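Asks: Letter by letter, the chains look like this.
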Amino acid sequence: MGFNTGIKVLIVDDYNTMLRIMRNLLRQIGVEAVEDASNGEEALRMSRLNPPDLIISDWNMQPMTGLELLQKVRADERLKRTPFIMVTAESKTENVIAAKQAGVSNYIVKPFNADTLRAKIDGVLCAGH
Amino acid sequence: MTTTARSAAAPATLQLGNANDFLDRVISKLDALDNTQKLPLMSVLRYLSDYIHATRRELRALRCEADGGKLLTSSASELEEVVSETENATGNIMSAAETIEVIATRLDKQTAEELTAAVTRIYEASAFQDITGQRITKVMGAIDQVENRIDTLLRFCNTEAEATPKPKKTTPLVNGPQLQKMANTQDDIDRLFASINGPP
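Residue numbers (this note's numbering), protein chains in the order written: chain A, 1 to 129; chain B, 1 to 200.
Since the hints were made in silico from the structure, they are not lab data.
These numbers were taken from a predicted model, which means no experiment stands behind them.
Do not take every clue at face value.
Within a straight-line C-alpha distance of at most 27 Å, the following computed BS3-like cross-link-like pairs (lysine-lysine) qualify [to be verified]:
{"#": "1", "chain 1": "B", "residue 1": "K38", "chain 2": "A", "residue 2": "K110"}
{"#": "2", "chain 1": "A", "residue 1": "K110", "chain 2": "A", "residue 2": "K92"}
{"#": "3", "chain 1": "A", "residue 1": "K92", "chain 2": "B", "residue 2": "K109"}
{"#": "4", "chain 1": "A", "residue 1": "K80", "chain 2": "A", "residue 2": "K110"}
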């Protein structure tokens with residue numbers, strides 16, 4: 001694993017179970033500084049107050065979807081370079097295209113395993129996004 | 001216009017319920033006429049009237065079923081319960097797994113690693129609750145739409161008593177999980193992702 005596990009990660013999902021799974025999987029790969037938000041609006045507010053080193057977000061949430069959050073993050077001068085991984089059950093081609101064009105750093109389709117999560121985080125952080 | 005035709009005149013706005021009454025009146029007036037040529041026409045009109053009666057009956061049955069309640073509404077509530085119960089069960093499974101993970105730190109290295117690997121698989125598998133929850137929400141949205149359409153049909157049939165408008169529910173934002181046999185895998189997504197240009 002090549003990335004610094006001392007990073008601060010913001011996870012965003014409207015399912016409490018998924019936040020808990022993500023938190024546990026991140027802890028298992030050594031990432032302890034994890035904050036969570038249950039929708040895009042909350043995540044954006046938290047990010048502006050205390051910018052994270054990485055955002056891992058679901059797509060389907062209200063108010064403010066993961067895609068809208070990504071667009072706001074990329075439009076924000078202070079946050080625009082923050083690595084952003086979309087983790088979603090939306091596996092349709094048009095969703096992947098929309099996310100990539102909005103500037104997503106990588107895309108994980110649910111259900112995923114710990115190895116995929118680790119590899120994507122590694123790839124995104126080591127690529128210097 | 002004859003007396004018979006005037007008294008059987010259709011209302012300006014013809015609903016299915018009115019149409020039924022109108023047909024029955026026409027049949028009754030025709031029946032009173034002393035003309036054998038009326039018989040084929042009466043037979044067709046009776047068929048139409050019976051058909052409309054049966055359609056209205058079927059629609060009412062669709063809307064008012066199951067223990068005197070609403071079949072579709074109660075099915076949607078059952079599904080909501082499924083989501084809630086699986087969420088609770090998943091929470092309990094996760095708590096047990098977290099406890100195992102803590103206990104594993106007190107054991108020898110190899111056993112601890114084996115237990116942690118097993119716990120990781122439990123965490124990964126627990127994501128089922130998110131996926132099934134999204135799928136069930138899609139089904140609930142579909143039930144909601146069917147119910148609203150039945151209500152519209154019932155209003156058209158002039159049986160408003162059974163057609164109680166229900167509050168609109170929030171529908172899922174996008175499509176939710178695709179069916180497994182049609183969905184892109186992570187490998188498909190990775191290939192696709194690599195082939196798309198990012199923002200300009």
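Asks: So, for every hint listed, does it hold in this structure?
Replies: Hints versus structure:
no. : hint              : in the structure
1   : B:K38 with A:K110 : 68 Å, violated
2   : A:K110 with A:K92 : 12 Å, holds
3   : A:K92 with B:K109 : 42 Å, violated
4   : A:K80 with A:K110 : 25 Å, holds
Against the hints set out earlier in the document, violations occur for numbers 1 and 3.
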